[in-house]
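Asks: Here's the letter readout for the chains.
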Amino acid sequence: MPSPEAANTNHTLGRVVLIDDHPLIRRGLERLIHSGNRFTVCGEAGTAAEGFKLLHDLRPDIVVLDISLPDKNGIELTKQIVAKFPQMRVLILSMHDDAGHATRALKAGATGYMVKNDAAENIEVALEEVWHGRRYVSDSVAAQMA
Amino acid sequence: MLLDEVIERGATEPTRFRSAAARKHGMKQRMPSRSKSKSSRPRAADGARSTTRSLLFPEKHATGPDTIRILVVDDHPLFRHGLVQLLNSEQSFSVVGEASSAPEALSLIRQMNPTMVIVDLGLKGPSGLELTKSLRAEFPKMPVLILSMHDEPTYAVRSLRAGANGYVTKEEALSSVLVAVREVIDGRTYLSPAMASDVIANVVLTKQEPGADPTSQLTDREIEILERIGKGEEVKAIARALHLSPKTVETHRAHIKEKLKLANARQVARYAVQWVSARNF
Numbered sequence: 005m006p007s008p009e010a011a012n013t014n015h016t017l018g019r020v021v022l023i024d025d026h027p028l029i030r031r032g033l034e035r036l037i038h039s040g041n042r043f044t045v046c047g048e049a050g051t052a053a054e055g056f057k058l059l060h061d062l063r064p065d066i067v068v069l070d071i072s073l074p075d076k077n078g079i080e081l082t083k084q085i086v087a088k089f090p091q092m093r094v095l096i097l098s099m100h101d102d103a104g105h106a107t108r109a110l111k112a113g114a115t116g117y118m119v120k121n122d123a124a125e126n127i128e129v130a131l132e133e134v135w136h137g138r139r140y141v142s143d144s145v146a147a148q149m150a
Numbered sequence: 004m005l006l007d008e009v010i011e012r013g014a015t016e017p018t019r020f021r022s023a024a025a026r027k028h029g030m031k032q033r034m035p036s037r038s039k040s041k042s043s044r045p046r047a048a049d050g051a052r053s054t055t056r057s058l059l060f061p062e063k064h065a066t067g068p069d070t071i072r073i074l075v076v077d078d079h080p081l082f083r084h085g086l087v088q089l090l091n092s093e094q095s096f097s098v099v100g101e102a103s104s105a106p107e108a109l110s111l112i113r114q115m116n117p118t119m120v121i122v123d124l125g126l127k128g129p130s131g132l133e134l135t136k137s138l139r140a141e142f143p144k145m146p147v148l149i150l151s152m153h154d155e156p157t158y159a160v161r162s163l164r165a166g167a168n169g170y171v172t173k174e175e176a177l178s179s180v181l182v183a184v185r186e187v188i189d190g191r192t193y194l195s196p197a198m199a200s201d202v203i204a205n206v207v208l209t210k211q212e213p214g215a216d217p218t219s220q221l222t223d224r225e226i227e228i229l230e231r232i233g234k235g236e237e238v239k240a241i242a243r244a245l246h247l248s249p250k251t252v253e254t255h256r257a258h259i260k261e262k263l264k265l266a267n268a269r270q271v272a273r274y275a276v277q278w279v280s281a282r283n284f
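Top to bottom, those sequences are chains A and B. What the first sequence shows, in this note's numbering, is residues 5 to 150, in sequence order. What the second sequence shows, in this note's numbering, is residues 4 to 284, in sequence order.
I should point out that these hints are in silico values taken from the structure, not numbers from a laboratory. The reader is advised that the hints may include incorrect statements.
To be verified - Derived, one-sided and incomplete: chain A residues facing chain B with beta-carbon distance under 8 Å:
#: 1; residue: His-26
#: 2; residue: Leu-28
#: 3; residue: Gly-32
Unchecked claim - Below, simulated BS3-like cross-link-like pairs (lysine-lysine); rule was C-alpha separation at most 30 Å, straight line:
#: 4; chain 1: B; residue 1: Lys-250; chain 2: B; residue 2: Lys-260
#: 5; chain 1: A; residue 1: Lys-111; chain 2: B; residue 2: Lys-234
#: 6; chain 1: A; residue 1: Lys-76; chain 2: B; residue 2: Lys-234
#: 7; chain 1: B; residue 1: Lys-234; chain 2: B; residue 2: Lys-136
#: 8; chain 1: A; residue 1: Lys-111; chain 2: A; residue 2: Lys-76
#: 9; chain 1: B; residue 1: Lys-127; chain 2: A; residue 2: Lys-76
#: 10; chain 1: B; residue 1: Lys-250; chain 2: B; residue 2: Lys-127
#: 11; chain 1: B; residue 1: Lys-127; chain 2: B; residue 2: Lys-239
#: 12; chain 1: A; residue 1: Lys-76; chain 2: A; residue 2: Lys-88
As the list claims (entries may be wrong) - Quick list of simulated restraints, FRET-style, between CB atoms:
#: 13; chain 1: A; residue 1: Ser-72; chain 2: B; residue 2: Thr-192; range: 31 to 37 Å
#: 14; chain 1: B; residue 1: Ala-268; chain 2: A; residue 2: Ser-144; range: 28 to 34 Å
#: 15; chain 1: A; residue 1: Arg-139; chain 2: B; residue 2: Lys-234; range: 28 to 34 Å
#: 16; chain 1: B; residue 1: Pro-249; chain 2: A; residue 2: Ser-144; range: 25 to 31 Å
Where a beta carbon is used, it is the ideal one built from N, C-alpha and C, also for glycine.
Generate coordinates for the entire structure from the input sequences, incorporating the hints supplied.
Replies: Put into structure tokens, the structure is as follows:
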């Protein structure tokens, strides 16, 4: 479960680390997340190795993780994160709006699977669902999984 | 079909005004549709309910006569948000509008009259190159900076030929876009040093020389169609996306076949797939 300290700081529900190799996409995500005032981005990384180290140092509540990173597949990294930090929630961010990728991500231990084009509208909802430990899957993918 | 015709036929998405300037001028604002899940979300811990308003109207500072008013055109919402945040963080820059397609951009530019436009090369429907040509025809002096995922010189050359004033890859955008905006506003052409060197080599290397890319003989439209074929799109889908007739797409494909010295449409498809995958589109 997310730490109670985080929940009580500046009215935010939780702390988030972003791992995506595109710096401007990270910046866009940060802007969207902070505009909601419910979550705070406490760190960001462009590679799996850098990100994993950051998770160890910062212990965020949620990791927003790009499915394709230059040095490691996001699904593999999810398995690693879940094994090492079982209390951390993983929200996968992906270009692929197909059920196959989503199923693999959820089986690997991710709590949420979000298509990048859905993020501008729904990132805050997804973070909140994931923070509560509830599964979030973008509508376009969920329809295929039903 | 010209972009103007697309607009006339109502093929454009609803225009979204996201700037303080738009509000100031009393322009109509349309909110994007909200998902069901969003409408039912609980209130924040402090009782405040966050809205999409802050997303539509980016954090801004006061605009003055020297403010560079920028319009951003990119169909990738996360990238666009990142770019807007970066540009608005600069005191003298102000993003006055955002568009996700070429028709939407043209309509917004006519209303907002920005100082300059930043255009994503890979827009869905009419491409960034098409939009640049249309802008050049209608607004000859408005600087256009192309943002692209391609780091190959041929795309930069094609962009400059279409009338763009600068070319920045998305990879280097975070470090270069602010400099690039200032350069094009000051009337100079902007290419990163690495890209400038590649572009010079590309221009100097003629198509007869070994190592020259055979696709350099293709027109912009043919390159666009080759790319779509390589991504597995059918003729009808390409025709729909580019507002062309299927016959016209087939004619372009025949020209591609001739120029690349290929035997048939299947070979064109195979070549296109390899060409696309080699470029990691």
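Asks: Please flag the earlier hints that this structure goes against, numbers listed from lowest up.
Replies: As far as the earlier hints go, not one is violated by this structure.
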